[in-house]
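Asks: Single-letter residue listing:
2 protein chains.
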Amino acid sequence: MEPQEHVAGLKAEIEHELSSFFEAKTGSIQDGTVRTIAELVRDYTLRGGKRIRPILLVLGHDLFEGHDENVVKASISIEISQSYFLIQDDIMDQSPMRRGMPSFHVELYDKFFSGEKDGKRLAESIGVIASDLAESYCHQVLFESGISDKQANIGDSELSSIFEVTGNGQLIDVFSPFQKEFKTNDLIRLHLWKTARYTVQGPLVMGARMSLREKNLDQLSYFGNLAGVAFQIYDDVLGLFGEQGEIGKSIKSDVNEGKRTLLMLKAIENSSESDARFISDCLRSGNVSDDEFNRLKHIVESSGSLDYSTNLVEKLNRRAKEYLSEVDGNPEIKKILSWVSDFIIRRKN
Amino acid sequence: MEPQEHVAGLKAEIEHELSSFFEAKTGSIQDGTVRTIAELVRDYTLRGGKRIRPILLVLGHDLFEGHDENVVKASISIEISQSYFLIQDDIMDQSPMRRGMPSFHVELYDKFFSGEKDGKRLAESIGVIASDLAESYCHQVLFESGISDKQANIGDSELSSIFEVTGNGQLIDVFSPFQKEFKTNDLIRLHLWKTARYTVQGPLVMGARMSLREKNLDQLSYFGNLAGVAFQIYDDVLGLFGEQGEIGKSIKSDVNEGKRTLLMLKAIENSSESDARFISDCLRSGNVSDDEFNRLKHIVESSGSLDYSTNLVEKLNRRAKEYLSEVDGNPEIKKILSWVSDFIIRRKN
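Chains as they are written, first to last, in the numbering used here: chain H, 1 to 349; chain X, 1 to 349.
If we strip away everything but chain H, and leave its shape as in the complex, we get (with noise of 0.2 Å):
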């Protein structure tokens, strides 16, 4: 079988078990305001999402041990932290849209708070408690799955850490403008915790060590830990330079939001003052024109700072790839790993 149809398989698999849980939750909950905020937590986690997380996790397993549903079904806890990860964030950074669609707590607010004073507080209120919900539900799958004590165990404890990495990366992230400086290295670094951890090398890592059978976890976390980087740095030229259509945000989003990817830090490193200062303050603005937003897409251009980023996705990739090579595991379930590592790298949302 073709990577790519492997793939497609272990994600037809994941959705079922995703729905089945969902329904299962929803279906055993009597009260009717508990079961409507489960109930938009799950289409919220269905609305879409290419299953990344838990794909992993399960090729993590398989590449020591035969496949087993029942790790697929454990396999949903990384995908419902996601939503966990996802609703907080939008509060925290005051987006509106997510996945082409309006934002958790702006859903709540239009649903149930438009106009109500202190709506929108309340809004976000019920947004962290329905978060909250959802990483309970994370945990939850993984005693209800079927796997064994010991792998109950193994899995919960990587969840922890990898819960507690993500929220440091989010504090780092939080505090990171108030910082006087804010280099690549710091970038980096957040990349890793905030990202890298739980959508690459966490869930391998704990897939592998639910195998019971793994070997090379320091590879195997090289490999994550490269390609979850070059993850997010492509996720930040897509939102820059990605179709408004495809990415399931605004393509301004990032740029009113002053996040400061590696297109922005290295613009600013290698470009004129005039042009450095300009940066800066599209970043401060939270809302540019569209001849703001075009001017600061050539400068990230012509700085030679787009090129820098998309070179260095391509080394982290091919970084990455030999790390895995080094892996002493099931050699389909590797060819099948480098081709995640490559598509992650070429999607186009």
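Worth flagging that the hints you see were computed from the coordinates, not collected in a lab. It is possible that part of the hints are untrue.
Since copy identity is lost for identical chains, a pair holds within one copy or between any two.
In the SDA-like style, the derived pairs of lysine to any residue whose C-alpha atoms are separated by at most 25 Å in a straight line are [stated by the list, open to error]:
(1) K259 with K348
(2) K117 with K183
(3) K50 with M1
(4) K252 with L217
Computed from a prediction, not measured in an experiment: that's the story for all the values here.
Based on these hints, arrange chain X on the given structure of chain H.
Replies: Same frame as chain H, now just chain X:
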């Protein structure tokens, strides 16, 4: 040994484990920002508190199995969860104080964001992230405590379920002002979900199940639920009639937060139309004067509502102890649990 001494001994063990955990945790963090926040979570958790929850967890275990240091280590998970809940609760309720000191997000604001643009939002965002970190610590202590895989699994599964039910209670609480009718029954259910589960019933059953030899879980649950509801109703009495210096928050704060306690519901139900309207106005005011506050307390007393609450607390406590007497566990520990259930409705703070 007298129950009081036994409980004091457990409390000392728990304080020791809490300190050790946070010492190891903060000591292991390299990044300055992350360490600062972890230290604030440590200080917040160590600031005081009755440690009723981990004490109940250990007693639940010791009902059926010999005292085990590893279970004490694991028990602090439920105390750390208190920080997770309180930090978020104070943000959602906009409470300025907790345990006689600034609440967590207010401390963050004063320390890092005072006068900054969007400082309040930033402090609240960091507060939510810090609460999430505390939540990840809750799970971690279970895995690091030295209990068996099976015990850790049971513990973690109970913990996730406690978090879900408490979150559902929070949802009901935030939505309740938007409900047409909010009656005594709704309030009792709220107390069961938002308080009893994570304060009494949950820790007790979690500990009992971690003994792997538990019996009469139903009776234990009834005991925990009844004692937990009594705890909350008594807490609301303390919140209105306690001593300002002892309860760790402004004596007016429950009223100013518009908390619809049993005291308020029953006073509205059993007083004249004008008094009832006065109470509702106070709960909506957000800032009652001393005179208004005293008139409010007077109505609660003269309407018989205070007596209703204190009688109900006694009745719930008696009924709880009847269920406890049916549990086939260590008689010494049963005596201590009975003492604890008396203590939580006689305490001063």
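Asks: Determine for every hint whether it applies to the structure shown.
Replies: Each hint tested on the structure:
no., hint, verdict
1, K259 with K348, "within (20 Å within a copy, 50 Å between copies)"
2, K117 with K183, "between (42 Å within a copy, 23 Å between copies)"
3, K50 with M1, "within (20 Å within a copy, 60 Å between copies)"
4, K252 with L217, "neither (39 Å within a copy, 56 Å between copies)"
Violated hint for the displayed structure: number 4, the only one.
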